[in-house]
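*Asks:* Build the full structure now, drawing on both the sequences and the hints.
There are 2 protein chains.
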Amino acid sequence: MTAATYDVLGIGNAIVDILAKAEDTFLTEQGMAKGSMALIDEARAAAIYQAMGPATEISGGSAANTIAGVANFGARAAFVGKVRNDQLGNVFSHDIRAAGVTFETQVATSGPATACSYVLVSPDGERTMNTYLGAAQDLSPADIDAKQIAASSIIYLEGYLWDPKDAKDAFLKASIIAHENKRSVALTLSDAFCVGRYRDEFLDLIRSKTVDIVFANEAELTSLYQTDDFDKALTQLRSEASLAVVTRSEKGCVVASKDKVTAVPAFPIKQLVDTTGAGDLFAAGFLFGIVRGLSHDQCGRLGALAAAEVIQHIGARPQASLKVLAKEAGLPV
Amino acid sequence: MTAATYDVLGIGNAIVDILAKAEDTFLTEQGMAKGSMALIDEARAAAIYQAMGPATEISGGSAANTIAGVANFGARAAFVGKVRNDQLGNVFSHDIRAAGVTFETQVATSGPATACSYVLVSPDGERTMNTYLGAAQDLSPADIDAKQIAASSIIYLEGYLWDPKDAKDAFLKASIIAHENKRSVALTLSDAFCVGRYRDEFLDLIRSKTVDIVFANEAELTSLYQTDDFDKALTQLRSEASLAVVTRSEKGCVVASKDKVTAVPAFPIKQLVDTTGAGDLFAAGFLFGIVRGLSHDQCGRLGALAAAEVIQHIGARPQASLKVLAKEAGLPV
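One line per chain: the protein sequences are A and B, in this order. Quick note: the first sequence uses this note's numbering, first residue 66, plus one each step. Quick note: the second sequence uses this note's numbering, first residue 66, plus one each step.
Hints in this document: simulated from the structure, not taken from any laboratory. One or more of the hints may lead you astray.
You can't tell identical chains apart in this list, so a pair holds if it fits in one copy or across any two.
[Claimed, not checked] Calculated lysine to any residue pairs in the SDA-like style (CA-CA distance at most 25 Å, straight line):
| id | residue 1 | residue 2 |
| --- | --- | --- |
| 1 | 86 | 167 |
| 2 | 392 | 189 |
| 3 | 86 | 162 |
| 4 | 86 | 384 |
| 5 | 388 | 88 |
| 6 | 335 | 385 |
| 7 | 325 | 231 |
| 8 | 86 | 165 |
| 9 | 335 | 186 |
| 10 | 388 | 334 |
| 11 | 392 | 188 |
| 12 | 86 | 336 |
| 13 | 86 | 141 |
| 14 | 86 | 334 |
| 15 | 86 | 378 |
| 16 | 388 | 338 |
*Replies:* Next up, the structure:
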C-alpha cells in the first residue's frame, strides 16, 4: 500500500440545493413525506418550484457535503460526481473547489441539466427534499479514475447513488479498486425511503464486505432490518459490518465495532435552524477522526460537533472553520 | 387620475447575488473599494469567482429588493427588469414572483447571461459588490408598458439603471408616463461611485423634476454636491427635490421636505450579519409608509425596521414578514 494522496474521496450525486421555508401544511398539500428525500421528474420539479416561496441556492449533495466538511477540518479530500456545463453546474464546481476539494469529474456537455433538490425547511428545522437527478444520473464507471481511487485512504459512498442507473456500477468499480489497494470503503444508507427501495442490495453490500463502514440514522437502520427494535437492529448491523455508526439526532450517536459499542452525546446548540446536511456533516467529522487515527469516542464527538455547526444555519455546508471549532471544544484536529 | 393597480412599480437591474464571506485582505488584493459596487466584465467575473470562497446564490438587484420588501409589507407591487432564459434568470423570476410581485418583463432568449453580482461580505458585515450586468443591460424603452406605469401610484428607479445604455431611456420614458398620469417618481442614488459617474445627469433629473422623491445615503448625498458638509448638502437637496430621504446607517435617517426636516433613529438589532440590501429595504419600508399615507416619522420608522431585518441575515431580501414585525413594533401597516 503506497502513501495516500487523499484522505477521503467521496462519490455522490452532485446537487445544488434550492432551499425555502415551508409550513407543514405545504408539505401535506404537496403530498410530501416530512423529513424524507423523494425523486422527482422535470414536470414535478417545475410544479414544486412554482408553488414554493422565495429560495436560496447553495451547493449540496450528500457525499459532497461530507467531503466539503472533511476538507474544512483540514484533511485532503476529493469528490467524484456529475454536473452539466450550465450555471448551476458552475456553482457546484466552484463551491466544492473553493472548499478545498479536488473535483475533476468530466462535466457533461449535453443531456439533462445539473441536479437540483428543492429543500423545504419546516418551522421546526426539519427538511424535506425533492430531488431532480438530472446530469447526476449520468455518472458512470468511466468517471472512476482507478489511480485516484487507489490513492485515497477512504472511499465514501452515498446510498442515493443507487438511484441513478450507471452510478451503481461506478460505485462497485470504486469499491473493488479500493479494496485491491487495501483502502477502506464507507457507505451511508442516506434515507429510510432509500433503504426501502434498495434494502436487499444494501444488505448484500454489507454482507459481501463490499463496504466496511456503514453510516445510518435510526430510521435507516430499523428500515434496513425491518424491525422497530433499535437494539436488535444495531446488534445485527454490528455482526455484519466492520464498523457501524448510527446517529440518533439529539440523542447523539452509537459507534459499534465487533469488540465494543461506544455511545457519544450530541453537541449542544443554541438554535436549530435547518437540519439539511446534519447526517452528512456528522459523517465528515467522524471520517476525519478515523483519518487522524482517533478513538471511536473522539470520532463521534468530531461528528457531533460538525453536525451541530451545520444545523444552526441555512444550507448543508459548513460556514465556520470546523478545525477552529474542534480546537475550541478541546478535540484533537 | 384613475385608481392604481399597483402601489409601487420598480424598474431596475434584475440580478442574482452570489454571496461569500471575505476578509478585508481579499478586497485589498483584488483592488476592490470596500462598501462600493463596481461594474465588471465577463473575464473579471470569472477571475473573482475563481478566487472567492464557497457562495450562496440569492436573488438581488437594488430596486428588485425594494419591491420585494414593499410586497412583503402587504402592498401591491410590480417590477420591470431584464433576465435571460437561463437558470439564474429562472431563479430571479421565481423568487420575485414568489415574493408576491408582478413581474412580466419579456425574458431575453439570446445575448448575455442573467446579471449576477459577486458580493463579498466582510467580517464586520459590510458588503462589496462586483456586478456583471449581462442581460440587465438590454432593458430598453420597449420593455416599459405605458398602461402598467400609468396604473402605478409610485414609480421607483435605481441610479444603477444609468449604467446600462438603453435602461436610461426606459427610465425616462417611465418617468414621463408617470407624470402624465399624476403619479410620483422616486429615485435612489444607489452608490457614491455611481453618483461620481453620473453626477450631472442625476442633478438634472432632480432639477428638471423628472424625479420627485430622492433616496440617498450620506456618502451619495455628499458626493452629489461634492462637499464634505452633510448639512450643507442636505439643505441643497431639500431646496431641489420635493422630498429627500437620507439614510445614515446606525444614526438613522433624515426626511426633508420643503416645510420640515424629520430625523428618525435606527431600529435596534441583535447582530449585524450582512449589510447587503440595507438601503433597498429602508426604501421599501419608507415607500410603504407613503403608500399608506403615513407621516414622515412613521415612514422613516418603517424603513428603519425593514433595514434592520435584512442586515441580520445573509441576503438582500426579507426572510421574515415585515408586516408582522411592524405590527409587533407598534407601527401602522
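*Asks:* Please name the hints from earlier in the document that this structure breaks, with their numbers sorted from lowest to highest.
*Replies:* As far as the earlier hints go, only 7 is violated by this structure.
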